[in-house]
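> Each chain, written out:
There are 2 protein chains.
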Amino acid sequence: MRLSNLLGERFKERAFEIESQNLMTRGGYMKQVGNGIYSLFTPAKRIQKKIERIIRDEMDNIDGQEVMFPVVMPASLWEMSGRFHSIGSELCRFKDRSGADLVLGMTHEEAAVHLAMNVAATYTKYPFMIYQIQTKFRDEPRARGGLIRVREFTMKDAYSFHTSQEDLEKYYERCHKAYERIFARVGLPEVISVLSDSGMMGGKVSHEFMLLTDIGEDTIVICPECGYKSNVEAADCIIKNVPDAELQPFQKVETFEHTTIEDISNFLKVPMQKTCKAVVYQRNEDDSYIIVFIRGDVELNEVKLRNHLKCLVHPAQNVELAGIVAGSIGPVGLKADCTVLFDKSLEGGTNYVCGANENGFHYTGFNIERDYGKPEYVDLGKAIEGGICPACGKKSITVSNGIEVGNIFQLGTKYTESMGMTYDDPNGERVHPIMGCYGIGVGRLIASICEEKHDDYGPIWPITVAPWQVHICALRSDNEEVKAAAETLYAELQSTGIEVLFDDRQVSAGFMFSDADLLGVPVRVVISPKTLQRGVFELSTRDKSVKEDIEIGSALDNISNLINKMTADINEVANSIK
Amino acid sequence: MRLSNLLGERFKERAFEIESQNLMTRGGYMKQVGNGIYSLFTPAKRIQKKIERIIRDEMDNIDGQEVMFPVVMPASLWEMSGRFHSIGSELCRFKDRSGADLVLGMTHEEAAVHLAMNVAATYTKYPFMIYQIQTKFRDEPRARGGLIRVREFTMKDAYSFHTSQEDLEKYYERCHKAYERIFARVGLPEVISVLSDSGMMGGKVSHEFMLLTDIGEDTIVICPECGYKSNVEAADCIIKNVPDAELQPFQKVETFEHTTIEDISNFLKVPMQKTCKAVVYQRNEDDSYIIVFIRGDVELNEVKLRNHLKCLVHPAQNVELAGIVAGSIGPVGLKADCTVLFDKSLEGGTNYVCGANENGFHYTGFNIERDYGKPEYVDLGKAIEGGICPACGKKSITVSNGIEVGNIFQLGTKYTESMGMTYDDPNGERVHPIMGCYGIGVGRLIASICEEKHDDYGPIWPITVAPWQVHICALRSDNEEVKAAAETLYAELQSTGIEVLFDDRQVSAGFMFSDADLLGVPVRVVISPKTLQRGVFELSTRDKSVKEDIEIGSALDNISNLINKMTADINEVANSIK
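Line by line, the protein sequences are chains Z and Y. Last residue of the first sequence? That's 578 in my numbering, and every number before it is there in order. Last residue of the second sequence? That's 578 in my numbering, and every number before it is there in order.
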């Protein structure tokens, strides 16, 4: 492709904080159409197709059968699984011309069960896995970061069906390996898998594949001692409180206008660990209130709260209406009609500061069992840096941010049971098959690669997913010799099946190179009057690891060899995953 | 792929009237999820991917740049073009969680202009063409025929942008050729292009690509004399009436309970051509009435009526409320408040029978100019078999049914003007680019191929789009020799890159062959104890043109050669289109 024909413009102005969004906007990869909705220009579409090819290859390799489910589905399908009502407003619902309820697919468990339902009625048909690569829509409240978190996205989603838990686990492991190979093949071997919360998917064991990066929205708990890795949503928060030698008296103190736990901690000069903070939520279903008491320095994990209560919840509003004294909530003397929970982070601690349920006052010397009675402690907190590893028990937890680029779930029979899918086992009994499901967000993966592989000037696309393999820069293409040499090389490379972007524009070297940097093509060939004088082309790589002159006569071989080597380097990592 | 692993079942029961729907359901290609919404099993998905590859190849070949537009778009984009309001309920509209209006893309002119808008601001960027292959949703009132007319469908849609009408026409012609090659390459060289009505697309010249078949919903007017081909919606209806020698007196006759024009014609013993029929419509915008008088044997063409009135219309309801005497409507003495139109089919005729606007009565001897006054005749009728060709003037029109598998439009500046897209021309003037757009329905094309290429037992997929190239039937795979020979051939074929479906099940020959017929794989190899005794495999084609024994030692060569020949035969036709 000639760059002069390529639709899309590149520009210098920094447009966004997140670097992948910034570079992919500046590089002419995408254009926002609406909140969390993007069109892709050709370079991004080409990257997408390459990633899809790698995904297909690995899915076929683990006996996947590619199928296609609809984007728009009748609500009746989602009523069968119960999710038409249990999922919140991220599920888009609308009516067709006849008044029938429809939904936009945000995941396809229901569709997968529907497709397999009557055609896998005996045990001999199992196991099998079906997958698709398709557009999905999820009405995210907070779309952000370009392709990192969008509302419309392209996703590979796969569904496996089994006759035993063991068989599911075996396949789950195969799929885990396939995912490792996929991330390695697209140039991100650094992606790790972490334990995750199965949340609304309704399963038991699940993993997320995470790229650790500061801009990630997920919080990952890692133990460098034993290798434990978990999304904070699924990680036990273990804190050992050391009790004070002496219990202080329980007494009310005036705290004036101080209401936040940080303020109170400063004002009373007690560390945050010695405060008992209140977090107030409401159930979505009836707006009833929940108050969670938790150690001041620990954050509440909303997912754990949701799982504990088995219902959707949201941060509380208008707590005063419920008789709650915001800014001074405490366990003792609390008059509000609400569910009260104590987080495990408080267990074993002594002499806490807590609210007195009275404006301008708090208690000091609060000792839970003495002053309130022994509660049932529940794990609702987010694990913290330096916390105790749930796996090895060492005080070694580190906390990082990550982008979730894929996930795998052991679903169990949630969908096959609710939708009534059965097969006849060898004894003629009707049994529900056991499912697994496996997703990869293709667009988010593109952004993640960009986020991880870039310099100040643009993306550095791995050769396996790069929009083109070679970028020819013909400096001074008004020069007949340059033009002829560049056109010849362009034609030769293409005829050997190499994907070439050819910058044949009459623009300055600086302009040309800055465009090339933004397009991030891994191999670059510069042809100019100067190189021709020396009888060479200049061959370099976008990551700057190679920069050398190559003889014109052997250019084709040199370039092919470089491409093959770069490809082999990436695939070597992938091939070692077995 | 082993057939024993393939998800999907095949069955004998005839399920539908339309043969492609019947065979693709019976063959395990698809499953209905909702009204006009389907999931595809692997065989159909494989066919789809092959068709998409051919389409991509031809689109890239005419300098297309593949991009991706969103399925869900903000309504604001469609408000810019005016189509948010001008399109009826086939456009799905809904609100997101924030209350913003969204639409489901049924076509992407708006998105294409949006993407190109600011990145093609000077004439030097032109011409260019962008295309995508993406899921679309159109809330069709009458989904039917399996994948023939659905609500959700996969479509290739392309948009070209030009600086002159001449340039558009040149590109339009290139795209026409590319379409001819696409249809030839998927095995349907019989697809013809016909003139079409540009309808809501807002353009001038347009063509539809039609597969002529009795089950087609479109009506195609063809003149075998001069080669004129047009959708009936766009074809002038030319009829030359021969006046009677003598004008009869205009007189009222009792017609009792006879109300339809057929009844009247029979009762009064006058041919349909001598009757003046009334067809009543209403404007969508205000429900006001339109009465069209037309020759009794000619059908009204709703599209022509819509274009003439420049508004959406629908067949009238409750005409009595408007003072119209249904069953006896005539031009003379019509009291209703409505628009009255006379179709050209009445022009020059004499002595018509028409309604008397009085229950149980009609007029005979109605001579329009004498009894009513000279009206302006408008062409609103559907061309009829034996009508006069608008191109060569001969009385040679034939009428056929067809399925529309693609279309191309010269759009003009409708979208670039309404959405404010401009570029600077060489004189520095701001000008709106001129657009073309080009669509192919991928799913409908699959169904059309099946409709055209099948026998009583199943589809006969052309080798270029077949889900697999070779189908191995191992009869008596419990026999060790058969099993070994089949497994060896399966492995060998796959290792040379041939796509093989291997029926390794222990089922009867009849069962196996009937499945193979439904799967429609073009090349079949039968291996059985009998063939092995003769030292051969049996090689045949699904279309029955080949059936021969091949030596086991040379099987690979024989099969490859056959595949190559079948492919070459199809591509030869395509390559001849230049």
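Among the hints, erroneous ones may be present.
It does not matter which identical chain is meant; a pair holds if it fits inside one copy or across any two.
[Said to hold, decoys possible] Simulated crosslink set (BS3-like; lysine-lysine; CA at most 25 Å straight-line):
no., residue 1, residue 2
1, 125, 483
2, 12, 530
3, 483, 394
4, 125, 12
5, 274, 335
6, 49, 95
7, 578, 240
8, 49, 170
9, 394, 547
10, 269, 453
11, 530, 547
None of these hints come from the bench; they were simulated from the model.
> As a check of your reading, is residue 125 near residue 483 (CA-CA no more than 25 Å) within one copy, between copies, both or neither?
Between copies only: 20 Å across, 61 Å inside.
> From the Cα coordinates, with 25 Å as the cut-off, is the pair residue 269 and residue 453 best called within, between, both, or neither?
This pair counts as neither: shortest intra-copy Cα distance 46 Å, inter-copy 85 Å.
> Tell me, please, which holds for residue 12 and residue 530 at an alpha-carbon limit of 25 Å: within, between, both or neither?
neither (28 Å within a copy, 73 Å between copies)
> Which holds for residue 578 with residue 240 at a C-alpha limit of 25 Å: within a copy, between copies, both or neither?
Neither: 40 Å inside a chain and 79 Å across chains, both beyond 25 Å.
> Give the relationship of residue 530 and residue 547 under a CA distance limit of 25 Å: within one copy only, between copies only, both, or neither.
within (16 Å within a copy, 65 Å between copies)
> At most 25 Å between C-alpha atoms: does residue 274 with residue 335 qualify within a copy, between copies, both, or neither?
within (24 Å within a copy, 91 Å between copies)
> Reference check for the pair residue 125 and residue 12, CA-CA at most 25 Å: within, between, both, or neither?
between (57 Å within a copy, 20 Å between copies)
> Could you figure out if residue 394 and residue 547 sit no more than 25 Å apart (CA to CA) within one copy, between two copies, both or neither?
Answer is neither; intra-copy 48 Å and inter-copy 73 Å both fail.
> Are the CA atoms of residue 483 and residue 394 at most 25 Å apart within a copy, between copies, both, or neither?
Neither, since 66 Å and 57 Å both go past 25 Å.
> I want to check one pair: residue 49 and residue 170. Are their C-alpha atoms no more than 25 Å apart within a copy, between two copies, both, or neither?
Answer is neither: 30 Å inside a copy and 30 Å across each miss the 25 Å cutoff.
> Are the CA atoms of residue 49 and residue 95 at most 25 Å apart within a copy, between copies, both, or neither?
neither (33 Å within a copy, 31 Å between copies)
Consistency note: the structure conflicts with the earlier hints numbered 2, 3, 6, 7, 8, 9 and 10.
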